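Keeping their order, the protein sequence lines are chains A and B. Sequential numbering from 1 applies to the first sequence in the working numbering. Sequential numbering from 1 applies to the second sequence in the working numbering.
For the record, the hints were derived by calculation from the structure and aren't laboratory data. These numbers were taken from a predicted model, which means no experiment stands behind them. All the given hints hold, so there is nothing to weed out.
Covered by chain B, according to a simulated footprint, are these stretches of chain A (three or more residues, beta-carbon under 8 Å): (1) 493–505; (2) 585–593.
Distance windows between CB atoms, simulated: (3) Glu-371/B with Pro-655/A: 27 to 33 Å; (4) Asn-203/B with Asp-629/A: 38 to 44 Å; (5) Ser-347/A with Lys-433/B: 41 to 47 Å; (6) Pro-277/B with Ser-190/A: 40 to 46 Å; (7) Pro-655/A with Arg-16/B: 44 to 50 Å; (8) Glu-255/B with Thr-522/A: 26 to 32 Å.
For lysine-lysine, the following BS3-like pairs were computed, each having C-alpha atoms within a straight-line distance of at most 27 Å: (9) Lys-305/B with Lys-657/A; (10) Lys-220/B with Lys-652/A; (11) Lys-455/B with Lys-279/B.
In this text, a Cβ means the ideal position worked out from N, Cα and C, and glycines have one as well.
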Amino acid sequence: MFKKILIANRGEIACRVIKTARKMGIKTVAVYSDVDRDALHVEMADEAVHIGPAPASESYLVEEKIIDACKKTGADAVHPGYGFLSERESFPTLLEKAGITFIGPTPRAIAAMGDKIESKKAAAQAKVTTVPGFLGEIGSPKEAVKIAGKVGYPVMIKASAGGGGKGMRIAWNDAECEEGFALAKSEAKSSFGDDRVFIEKFIENPRHIEIQVLGDKHGNVIHLCERECSIQRRNQKVIEEAPSPLLDEKTRQAMGQQAIALSKAVGYDTAGTVEFVVSQDKTFYFLEMNTRLQVEHPVTELITGIDLVEHMIRSAAGEKLSIKQEDVKINGWSVESRIYAEDPYRSFLPSIGRLVRYRPPQEGTTDGLTVRNDTGVYEGGEISMFYDPMIAKLVTHAPTRQKAIELQADALDAFYIDGIGHNIPFLSAIMQHPRWQSGAISTGFIKEEYPDGFVSIPPQGEALKVIVAVAALIDHTNNARRREISHQMDGQPVTFAETRIVCIDDIQQRVVVEGALGSPVTISFSDKDGSVTESFELKSKWWPGDFVWNGTVGGKSVNVQVRPILNGFNLSYRGVSVDTRVFTQREAELAALMPVKVAADMSKFLLCPMPGLVKSIHVEVGDKVQAGDTLAIVEAMKMENLLRAERDGIVKEIPAKAGDSLAVDEVIIAFE
Amino acid sequence: MKDIIEELERRRAEARLGGGIKRIEAQHKRGKLTARERIELLLDDDSFEEFDMYVEHRCVEFGMQDKKIPGDGVVTGWGTINGRVTYVIAKDFTVFGGSLSQAHAAKMTKIQDMALKNRAPVIGIFDAGGARIQEGVDALGGYGEVFTRNVMASGVIPQISVIMGPCAGGDVYSPAMTDFIFMVRDTSYMFVTGPDVVKTVTNETVTAEELGGAIVHTSKSSIADNSYENDVEALLQMRRLMDFLPSSNLSGVPELPTLDSADRVEKSLDTIIPDNPNKPYDIKELITKVADEGDFFEIQEAFAKNIVIGFARMEGRTIGIVANQPMVLAGVLDSDASRKAARFVRYCDCFDIPIVTFVDVPGFLPGTKQEYGGLIKHGAKLLFAFTEATVPKITVITRKAYGGAYDVMSSKHIRGDVNYAWPTAEIAVMGAKGAAEILYRSELDDQEKLDARIKDYESRFANPFVAAERGYIDEVILPRNTRVRICRALNMLRNKTLENPWKKHDNIPL
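Isolated chain A, as found in the complex (with noise of 0.2 Å):
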């Protein structure tokens, strides 16, 4: 066994890498560039070293400071991660010429799955189920259409070197598919250097469904089973599950099968995992096979209980798989939810900056049900824009998959951040959706049920009561506790009144507070003439400054956040965030006298969509601008935002010039 792994990594892999290995005794070394000196995967190693620049093209890119780290601490391995050097080709081969084994595919691995034809072809050979198509060069628009026809439509025209949607276009018939090929073309040369596409069927509501499978250095293959990832925001995985609830274990047995065969056919020795586009009718096709650890491998390991890091060390080590196929089951459901650092009121632009707060729910597993969340940061740390957004990965394994997502829900409501944005809301939004609990999704799922992008809805129904009753409770611990204070006066104690009017926008609940701090109280909602409707008994050892309330409400046990704000509280459950205030009854009708005031109409007004340097202005007083128009260009870390005009309109007059340091939604330019 090794005696000292290198993790080519950083973020929340390296640490996950760091915590198995340390698991089994081995030493760990974490490399790192010059932001990310103090990051949580650095402090975690047993030694660190130092790898250059922040950009991952000048440190964790660099094969030969990899393994001059390596080097320097007698690591006598490399486990890459995922991303950065986990598959490039060349890594392995320059570890093995220094003497150092790579926790990861040999090389012909890596190259026979890189490319995409390449990879169909060898999935053909080995009897794998490939989407419908032509994978060979095409030369004309007509040969397409020929092509097309033999498939049928609808199909998709693909650049054989792409990825991320770039490239690749949707024909539903012949005319359609002459256009699509010469787009197709033009743009995987701009985008990639290489012309070449190739046609395929396309699939209607596919469902992206993956088989995780793990070898060894004795021509062993097994699988564990499947993940559903189809939850995707512009081909980025958002939220992952194993198993899926589409398949039958017929289905998976038979996709497992074709996975193992074509880890086989390619020499597969490690954990891998083979991407399959699955239609609603349980047809599935191969996709790709990632050849390295996944984000998602955490759902794999905890519905079988089975540690794929640990097996990726061991296989490397030459040890002989010590799982067969038949010891791999399914014990109950598991969810992951990506956190990513974007706002996902501000059409998920990245958010960069310090984690003033971070405080994820606690983890463990109790009553058969466990809370996981793997991380590469801490509170006070720096999301810097130099790499990958993600900041956890947030994991419930439960008995059932209700249950596993009534745990993730309830684990998303205690995860706590301020200082940057995140999806968290977004997130929590998803596990109430009943599409998502029904289990009937695609991957077109995210543009399909938020075609605008997510906002944030009112609470309704039971959230709202849960809302109402908490605020209620929080309002009544602050008025138990200012009765306390000192240099009161002598012979008047002081009351507040039991009933109180929770008001949240518009909503007005009535509610009777009645029970002594400490113990339970019991929060009725009334209407109008003071009959009682609806009554719960609260608990909770909150106390002002906590940042979650967690209690039960009438049983149930919840997770709601607090965030102060003047005579009030902001309260966020279920992926909805509201203001509350708490007044007494004659205070609500005072308040009821207060004018409304109109929130100025920004529509008129070019708003720094983040705090920034104003670089140029590219208009003057008096310009006509069209929608589309170049207006301002905006530097935030570094980066050059280009500002926009939404649409036509007058430049009325320009607060900021060049040079200017804005806050969020400070103006920049006024249109009349």
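For chain A, the structure is supplied; the task is to place chain B on it using the hints.
Frame of chain A; chain B shown alone:
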């Protein structure tokens, strides 16, 4: 007896109606509450006891003898805020536009006298048209009586003014002499002379809002300490503020029970100082992470943002916080920041509120604008205020403490009680670059040599240890332990006894 009680109830009801239903409705239409409604919101339920509600003016000029309304334009009395005695004066705009008559002034001074005698705060709510012109010199006299009591009470009991409508002419000086002024946005304004007079005298055209609205006074003139969206928001915040303030200069600070532990370690503070010395960070993050429950009542949030002041609690007891804000002008001290902080330090000293100072200051702001504006004397105000203060003073230097500004910011030399520094502290006459350029002027052309000199100076002074070796710093502490250390130090200083030499009063450079 029944008749007598009925008569009492009738007169009370009449008085409580102030200027009548119509005027009350007009007041509401303007987005304002009435004086009595405001008092209801400010004080604990049913705690208000009104005095002098039957008082009427005695003016017989200009037909005033026929116009009498009980209360005479001001509602006065006392009640409690979370059980603590508070006196209230609230101008009643529905009665003679809240204008001040001799009788009206007498109601005010009665309350002021009681508050001073009984050592409890006075809160004034202003919404009035100024002097009652019909009364002429009697009104002026009345103002003077009020002013005198403001001055006598200053530094003895907290005096708070909330401007919730017009406040002009003679009316402005009573608030101006109180400790804090708060305003309501869009419905309140303050000025000595209104837009009409301004137009006549200077030919300037200006609206009331532009001349003396809440935005102007909170961000430009610094007359007001904060502003709020509406009456309700403002008054509920006054309740919050009063929980921080002592009842008098001898009462000691109030104590609010808390479960927030004095031992709370904030590990994330270890990384709050960016690696790059020129990169800012938000000092308010430090403040809210150190304070009890993250609760910080900021004063003058919109003015001279390069310094942050306000109230917080440690282990339930009020403290005043003064902190340079690196996010704004690198936290430099200029005239505005110095004045803002100086007045706050003196307030805390008056009322026995310990002062915690967080220092990250690159120095005083250079330039003709500052020097012509009297930076020397304004800066001296802060230096004077910190020096003369005898309350417990705890200082934490987080990063820069350069030059004279180091001395000013509650340093050991001006009687700081406990002076901590973070390991990131740099206590020096100036930044390394500036220092090297002066010390090695002859090498200015040789960048390489100069860089070496800068590095040299940095390694010598860009740390807290030179100062610590001299005892100017009592201890170098881990940022994460800042709360723990401050709590301990405050407890240790609980019995601090320090008296300045007897004097009639000092002569602070006003």
